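> The residues making up each chain are set out below.
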Amino acid sequence: MKKNILFSLKSPYREQLDIIGFKFGHGKKSLAIVGAMRGNEVQQMYVCSRMVQELKKLESKDRIAEDTEILIVPCVNYYSMNIGKRFWAMDNTDINRMFPGYNLGETTQRIADGLFSMLQGYEYGIQLASFYQPGIFLPHVKIMDTGFTSPNIMKDFGLEFGIIRKPRPYDTTTLNYNWQVWETKAFSVYANATDEIDVKAADEAVNAILRFMNNRGIVSTKTPPGYITEILDESKTKQIQSDSAGIFFRNTEIGKKVERGNILGRIYDPLDGELIAEIRSPVSGTVYFVYNSPLINSKTVCFKIIK
Amino acid sequence: MKGVVPMVETVASIPLAVNENLNIQKRRLKHGKSKTRLSLVTGTHGDELEGQYLAYMIGSYINDNIEQLNGIVDIYPALNPMGIDSITRGLPMFDLDMNRVFPGTKDGTMVEVICSSIIDDLIGSDVCVDVHSSNIFLKEMPQIRMSIPTAPTLLPYAKMMNVDFVWIHESATVLESTLAHTLNSRGTKTLVVEMGVGMRITKEYCKQLYDGVFNLMKELGMWSGETADVREPIISEGREVGFVNSDAAGIFVPCANFGDNVKLGDHIGDVVDPLTSKVVEKVLAVCDGMIFTMREYPVVYGGSLLARILKMSQNGGDTQ
Chain A
1 MKKNILFSLK SPYREQLDII GFKFGHGKKS LAIVGAMRGN EVQQMYVCSR MVQELKKLES
61 KDRIAEDTEI LIVPCVNYYS MNIGKRFWAM DNTDINRMFP GYNLGETTQR IADGLFSMLQ
121 GYEYGIQLAS FYQPGIFLPH VKIMDTGFTS PNIMKDFGLE FGIIRKPRPY DTTTLNYNWQ
181 VWETKAFSVY ANATDEIDVK AADEAVNAIL RFMNNRGIVS TKTPPGYITE ILDESKTKQI
241 QSDSAGIFFR NTEIGKKVER GNILGRIYDP LDGELIAEIR SPVSGTVYFV YNSPLINSKT
301 VCFKIIK
Chain B
1 MKGVVPMVET VASIPLAVNE NLNIQKRRLK HGKSKTRLSL VTGTHGDELE GQYLAYMIGS
61 YINDNIEQLN GIVDIYPALN PMGIDSITRG LPMFDLDMNR VFPGTKDGTM VEVICSSIID
121 DLIGSDVCVD VHSSNIFLKE MPQIRMSIPT APTLLPYAKM MNVDFVWIHE SATVLESTLA
181 HTLNSRGTKT LVVEMGVGMR ITKEYCKQLY DGVFNLMKEL GMWSGETADV REPIISEGRE
241 VGFVNSDAAG IFVPCANFGD NVKLGDHIGD VVDPLTSKVV EKVLAVCDGM IFTMREYPVV
301 YGGSLLARIL KMSQNGGDTQ
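Residue numbers (our numbering), protein chains in the order written: chain A, 1 to 307; chain B, 1 to 320.
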């Protein structure tokens, strides 16, 4: 294992930002894994740190394939992590909306450029992703449908679901999208939590990534058996919006099978405690996203169901 | 009493968790038989306030001179009222920039639902003016921005607006989710104004745009009152924009002024280190031209934008 500084940036008042990468193996660039790009992505950093541990063990047992290099970048934006912010501390921009970056551009464009130059040329790329709303996902893998990455490769992770997302204009500046433009087969792995550590979900994500690496011939390792992944289009999943606002309680958990008409959650008046609304599932299927904040506004996506 | 009773309409209303609704409101000023409609939209970013005063000025003057209006003026002062109220650029508790969520959707997240309602309401305006004021870091000369594909349609209207500068830029995929792109692509001509600086009101710029808006209304046949002469803007077409970014971290202290014409290599400021009392970067102009963007917020990292310079035209002058 080699621990390298991939990119550095001077700050006017803090110690220099050094983005650390851990390299395993030698030779052809095979897989890059990126963790926290936002300051609250603690789970994403944790999963990467666990991968560093796993790869150290595999390397010591000579289980990394020949002519194979693996790069792990556990945390890009620790400046924000250390001061409790999600986005870049100075201007609140999101590094994951700055790819492919620009070396003469704004600060976060330069960070994205410096990082991306080190992430290019790998055959596969995995980003530990988080969602832009408070909530938890069933661990799953996702690709952005640019036509470059074959959806079937998602099956090698052995997660229950592999989801294909049609990119929207605002997705075109993400790492995942640009990785594919530069011919890296890119995947986003959702490991349930974001700003807290969920060890069970992290175990599942680590096993999924190891399974993928084993199935792709990058390492030789044993993992617990995975699922036969169901590949589906994100637009085919059912989003359920709240029609009321108040205190939110959910009656279901991620991974639960629900029937059409089941009560998924309830909303109570925050001042007098009256029940305002019951949120019922309009379809039968598996719950793969739940909103997890105690307060809810109207028109908030609070559940996603895979039919 | 002079004037009219304000006709305030709610464009979108979303219940919030505790005892409050998020309301997007507009004021409609209507007089005469014409159906020509001008929409003035602002407050998408909660830290941009120049448009607030402009909205007040225009509404106030029409109010007092309603008989000179022949058509409809809709004023939307705050597309992001919670952002303005909490000094938050985006929508509080939502990651994405609101101006990257248009056209929105009725069955999406709260912000997407709001954006969808705003678009539905604005569609059909003859012209929409979307007023921004940079951010807290940069100060902008009053200008209108448009993409190359929209320029043939929009430029004649931009010239009516009394701005100093029209920046015609390359189109970028990510900008397809802006309010202006959505409206322009659906046939509602939308001009994006950038002026001033975040969290402040620059009265002279508001007055300049105010004159421009009334001139536009006159040209659209909606306004019979007196209007001021408008300036001919510099057009960026065929001219490049030079970006001056900091390479060092420290405190930026400019020594050139906003609007100055500079030469390549001219000293326009310094980045200094307050701890060591050293100049860590002497900032130089990257081309000949006019400074139309200048950094206001002094603390900089490597990469922070310090200035934008519009390069001189081929014949060396600021031809229009």
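Keep in mind that the hints are not guaranteed to be accurate.
Unchecked claim - If you anchor each label on the Cβ, the simulated ranges turn out as follows:
id	chain 1	residue 1	chain 2	residue 2	range
1	A	D145	B	E170	19 to 27 Å
2	A	F148	B	K207	32 to 40 Å
3	A	F131	B	R200	32 to 40 Å
4	A	G261	B	Y56	50 to 58 Å
5	B	E67	A	N292	53 to 61 Å
6	B	T105	A	K56	57 to 65 Å
Unchecked claim - With the C-beta cut set under 7 Å, the calculated list includes, among others, these residues of chain B facing chain A:
id	residue
7	P6
8	S13
9	S177
10	A249
11	V253
12	P254
13	V299
14	G303
Claimed, not checked - Calculated cross-link-like contacts (lysine to any residue; reagent style SDA-like; alpha-carbon spacing at most 20 Å):
id	chain 1	residue 1	chain 2	residue 2
15	B	K282	A	G255
16	A	K166	B	V280
17	A	K10	B	A172
18	A	K57	B	K282
Think of the hints as simulated: they come from the structure by calculation, not from any bench. Computed from a predicted structure; not experimentally measured. Virtual Cβ for every residue (Gly too), placed ideally from N, Cα, C.
> Does each hint hold? Answer for all of them.
Here is what the structure says about each hint:
Range check, D145 of chain A to E170 of chain B: about 25 Å between beta-carbon atoms, so the 19 to 27 Å window is met. The beta-carbon spacing between F148 of chain A and K207 of chain B, approximately 52 Å, falls outside the hinted interval of 32 to 40 Å. Between F131 of chain A and R200 of chain B the Cβ separation comes to about 35 Å, which falls inside the hinted range of 32 to 40 Å. Range check, G261 of chain A to Y56 of chain B: Cβ separation about 51 Å, and the 50 to 58 Å hint holds.
One distance hint, 53 to 61 Å for the beta-carbon pair E67 of chain B and N292 of chain A, holds here, with the actual separation near 57 Å. Against the hinted window of 57 to 65 Å, the Cβ-Cβ separation of T105 of chain B and K56 of chain A comes to about 46 Å, which falls outside the hint. For P6 of chain B, the shortest C-beta to C-beta distance to chain A is roughly 27 Å, which exceeds 7 Å, and the interface hint is violated. Against a cut-off of 7 Å between C-beta atoms, the interface hint on S13 of chain B is violated, since the closest Cβ of chain A lies about 9 Å away.
For S177 of chain B, the interface hint holds, the least distance from its beta-carbon to any beta-carbon of chain A being 4 Å, beneath 7 Å. At its closest, the beta carbon of A249 of chain B sits 4 Å from a beta carbon of chain A; the interface hint therefore holds under the 7 Å criterion. The closest approach between the C-beta of V253 of chain B and any C-beta of chain A is roughly 13 Å, which is over the 7 Å cut-off, so the hint fails. Against a cut-off of 7 Å between C-beta atoms, the interface hint on P254 of chain B is violated, since the closest Cβ of chain A lies about 17 Å away.
For V299 of chain B, the shortest C-beta to C-beta distance to chain A is roughly 6 Å, which falls under 7 Å, so the interface hint holds. Interface restraint check: G303 of chain B against chain A, minimum CB-CB distance 4 Å, threshold 7 Å, status holds. Between K282 of chain B and G255 of chain A the CA atoms are separated by roughly 58 Å; this puts the pair beyond 20 Å, and the hint is violated. For the given pair, K166 of chain A sits about 46 Å from V280 of chain B by alpha-carbon distance, which is inconsistent with the 20 Å threshold.
Distance restraint check for K10 of chain A and A172 of chain B: the Cα-Cα separation of roughly 30 Å exceeds the 20 Å cut-off, and the hinted pair is therefore not satisfied. A hinted pair counts as satisfied when its Cα atoms are at most 20 Å apart, and K57 of chain A with K282 of chain B does not qualify at roughly 50 Å.
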